[in-house]
Amino acid sequence: MLSDPVSEYIRDQGFPGYAELRAQRNVARQVSWVKGSLIANSDLTSQGFSARVRRGGAYGFASDSTALMDRQALRRVVTAAVDNAVFLDGKIRLGLPEFAAVEAASFRDGVTEEPAVDQKDLIDFSGAIDAYLKDRFPDLISRTVSLQCLNMEKRLYTSDGIVGHTLVPRSILYVALTSPDKEGKPVDLYRTFGGYGTFGRVFADPEALHDDLQALYEKLRRKCEGVYAKPGIQTVILASDLAGILAHEAVGHTVEADFVQAGSVGGPNLGREVASPIVSLIDFAHTAYGKRCPVPVIVDDEGTPAIDQPLIENGVLTGFMHNKESAAKYGHPANGNARAYDFSDEPLIRMRNTCILPGKDKLADMIASVDEGYFFADPVNGQADSTGEFMFAVNSGFAIKDGKLTQPLRETTISGIAFDVLRTVTMIDDTLTWSCSGMCGKKQMIPVGMGGPAIKCRLNVGGRT
Amino acid sequence: MDLQNDVPEIGPRLESIAGLVLDEARAAGADEAECSVVRSVQSELYYESGKISMLRTGWRDQLSIKVLRDKRKGSVSGNDCSPEAIRVAVGQAVSAAAAAERDEAEGIAERIRNGRFARGPAEPDRDRMYEQLSGLIEDCRQDWPLLRFDNAGVHHACSDRLYANSNGVSLAERNGAYRFDSLFMAVDGERTSSFQSIDLSYTRQDQALAADPNIARALGEASRQIETRTLDGSFIGDLIITPSALASFLWATISCFAGGHALISGTSPWKGLLGTQVATDDLTLRLDPRDPELPTGRAVTADGYVSAPHTVIRDGVLEAFVLDRYSAAKTGEKRSPTWALDFVVEPGRVALDDLIGDTRCGILLNRLSGGKPSPNGDINGVAKNSFLVENGQIGDPVREVMISANLAKMLQNIIGISRERACDGQTRLPWLRTGGVTISGK
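Heads up: the sequence lines are chains A and B, in that order. For reference, each letter of the first sequence is one residue, going 1 to 465 in this note's numbering. For reference, each letter of the second sequence is one residue, going 466 to 907 in this note's numbering.
Keep in mind that a hint or two might mislead.
Below are the DSBU-like pairs computed for lysine-lysine, each with C-alpha atoms no more than 35 Å apart in a straight line [said to hold, decoys possible]:
| # | chain 1 | residue 1 | chain 2 | residue 2 |
| --- | --- | --- | --- | --- |
| 1 | B | K837 | B | K799 |
| 2 | A | K362 | B | K799 |
| 3 | B | K799 | A | K134 |
| 4 | B | K736 | A | K134 |
| 5 | A | K291 | A | K329 |
| 6 | A | K35 | B | K516 |
| 7 | B | K907 | A | K35 |
| 8 | B | K837 | A | K120 |
| 9 | B | K799 | A | K230 |
| 10 | A | K401 | B | K874 |
| 11 | B | K516 | A | K120 |
| 12 | B | K536 | A | K35 |
| 13 | B | K536 | A | K443 |
| 14 | A | K230 | B | K536 |
| 15 | A | K134 | B | K837 |
Hints were generated in silico from the structure; no laboratory data involved. The structure presented is a predicted model; accordingly, all values stated were derived computationally and were not measured.
Could you put the whole structure together from the sequences, leaning on the hints where they help?
This is the structure in structure tokens:
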């Protein structure tokens, strides 16, 4: 468990005005195999202490990796944060008021005495997966098996009287297979398994994954026979994993308040219809439909209790995601979206678990409703833009003809203007699936949850003539 | 880059930590061991939400340990460099090695020559950092009033790094540099341009940021990108790739064709092609950590060798792969003297105006927002901050335009490389025009 020299410091020294004091430890374990070679076998710990102080609207921040073990270093961090705030306040002289006081409270979540997993267990598990792939599918050109376990533990103390101790574990198995197409050129496909939880709770027996690995291989073989999609505007069914990335990239980033303030398309559209009336979208804090979300946040890194933030309700854009400063500026409540990845990072406005809400349709009926179009699945990554234009790389799919899946597809890219595409949504599947391995990059990388049902819409497909 | 035999500030503490690691590893039964000890200090002045909002100072230790027993590897990395933490970390690494598979390619750097290096300013000038950032904000208000910064930062970082191993290798370097990065867009009422980013490294603070040609070009172009047009249908055309976009194409090329993972996994289509023509003869690409205009270049590789410039493609011929010690041993190929991506492409033969002027139909590409390339080099993405070029003229900025191509074919189809180059402190690159690319609109 993360040590706690901060409470002792506060007892001795108190808070230097508005301040957030945070001790944090990220433990990232990784075991990776490429064609049977163990290329990564590592245990990375990043731990330290940070202080953020506010003077007249200017923030001073400081951090040190030695401060959890060295009381002098801890004091130096707080002094440096105050010094930085005073320096900057002396330059910019904004004279902003203090934040409104909040009720003192304590939060504790996910902290466990569970013993740390032995690296040998990670090697044995992932090695067994690799051995199965080698024996079962000898025609593969290449295979990559990577087991990645990340535990993020934080202790937060704020001058408002907020005390938080949280631990969010995540265990992900990444399997990528490469097979030759009929011309001998490599074609790849990957899948991730796992999600919230420690290794021992998420992965019990490698054999439990054999059926899924067989399915992945068969999907890859179909992709090797695949064709490229035709470029242009098409009717598509996006599988639930793609709907999740649509919610995150296409909408979520444009309604983060910092991006709104810089001029993103989200700002002018607050209160307007931006999607079909059957579309609703929420950034969940920690629980959705009675179940734990992939990245549960109960208190953010500014000490704001985390609550769900509706973003689109029945097609209308109804909210932004905030930190304390943007919430005060817009006159909205802060909702617990200020998160930092590493001890040396300051809190930024980040998404948590962003999701299009399930609808009333069945996936089979959705496919049957398409005369000519595509079914897309397996996003690789995605990116948002201030204009609302988004892009996803898609790794597999099928052509649809007369309501039936026909030819398998090779990889492609899909794009559109977020709100234009959401206005074309006519059907939404009734099942919510979370994608649990997402990482979002915005100055700092951070784990995020993305979720969705399958949706039917029209968008731009990048293909080959 | 200065080679200094005695930089006393780097030595004592890091030497002591490294010595303790190697002693513990020997005592724990490791056959071989290596470690990297880094102490870094970072300062950052950050602009966000309409104001210079934060000044940051960060101190960080970073210790990375690798041990080998019977060619089995275990690695541990952390921040805690206390003797007790080192003892525990070495124990964890040895345990991890015991559970690992034997790999004949595993090893550590052999001793060639030891040395100490130093480069760039060790201490930040906070007042000058503030002048630069506030000056840029003010210059933008006057010269580009439609511009909005989502964020902008002036950073200074200085790191002391020591690599040491049980072969007696001891290499240390100190690197100090400033960096400016920013995400910005142009806004006019409810209309906004695509966001654009810039990342620039430098060692001297004597010029205003707005005077830097990379920054001036990016900020000037952004203001023109509010009104965009779509394209109808799709066609085969040319891409004129700007220096800011070319780095990512080169990264993808190395990753798919010339890097360790692609060669170990067997997916590289360039395996067995050393000495063959992989591009037109006007392309010469090297990695150059010693280029005096690239302050991010490192004197010591992460796996414990003194770095040196490394030519990958010369006159279009594949001269070498990009391999660290392990990848070279695994594949039987030659180790690269550097594998950090400090790209330098030699100037071409064509003036930039002529490169554009000869283009019948294509895209002047500033950024490709795309997914990971496929193993055979297929790429797809959306052209961002980019302009339509028709009959030799740069026309309207475009939106919702997708590019589909293959990296290997792009190199074979190079039409011209500009004589002019841009340097952002991390790369020095020209404009490159290639043909045969699928460009599709609505």
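Hints and how they fare:
Taken as a hint, the K837(B) and K799(B) pair is honoured in the structure, with Cα atoms around 27 Å apart against an allowance of 35 Å. At most 35 Å may separate the alpha-carbon atoms for a hinted pair to count; K362(A) and K799(B) exceed this at roughly 56 Å. Between the alpha carbons of K799(B) and K134(A) the distance comes to roughly 28 Å, so the proposed pair stays at or under 35 Å and holds. The hinted pair formed by K736(B) and K134(A) meets the criterion: a straight-line CA distance of about 22 Å does not exceed 35 Å.
Among the hinted pairs, K291(A) with K329(A) is consistent with the structure: their alpha-carbon atoms are about 33 Å apart, no more than 35 Å. As the CA atoms of K35(A) and K516(B) are separated by approximately 51 Å, the hinted pair breaks the 35 Å bound. For the proposed pair K907(B) and K35(A), the alpha carbon gap of about 41 Å is over 35 Å, so the pair is violated. Taken as a hint, the K837(B) and K120(A) pair is honoured in the structure, with Cα atoms around 31 Å apart against an allowance of 35 Å.
Between K799(B) and K230(A), the direct Cα distance comes to roughly 42 Å. Violation of the 35 Å bound is thereby established for this hinted pair. Proposed proximity of K401(A) and K874(B) is supported: the alpha carbons are some 32 Å apart, at most 35 Å. Taking the CA atoms of K516(B) and K120(A), the gap is near 50 Å; set against the 35 Å cutoff, the hint is violated. A C-alpha spacing of about 18 Å is found between K536(B) and K35(A), which places the hinted pair at or below 35 Å, so the restraint holds.
Only pairs whose Cα atoms come within 35 Å are accepted, and K536(B) paired with K443(A) is rejected, the gap being roughly 38 Å. For the hint pairing K230(A) with K536(B), the CA-to-CA distance comes to about 50 Å; that exceeds 35 Å, so the pair is violated. Between the alpha carbons of K134(A) and K837(B) the distance comes to roughly 25 Å, so the proposed pair stays at or under 35 Å and holds.
Of the numbered hints given earlier, the model fails hints 2, 6, 7, 9, 11, 13, 14; all others are met.
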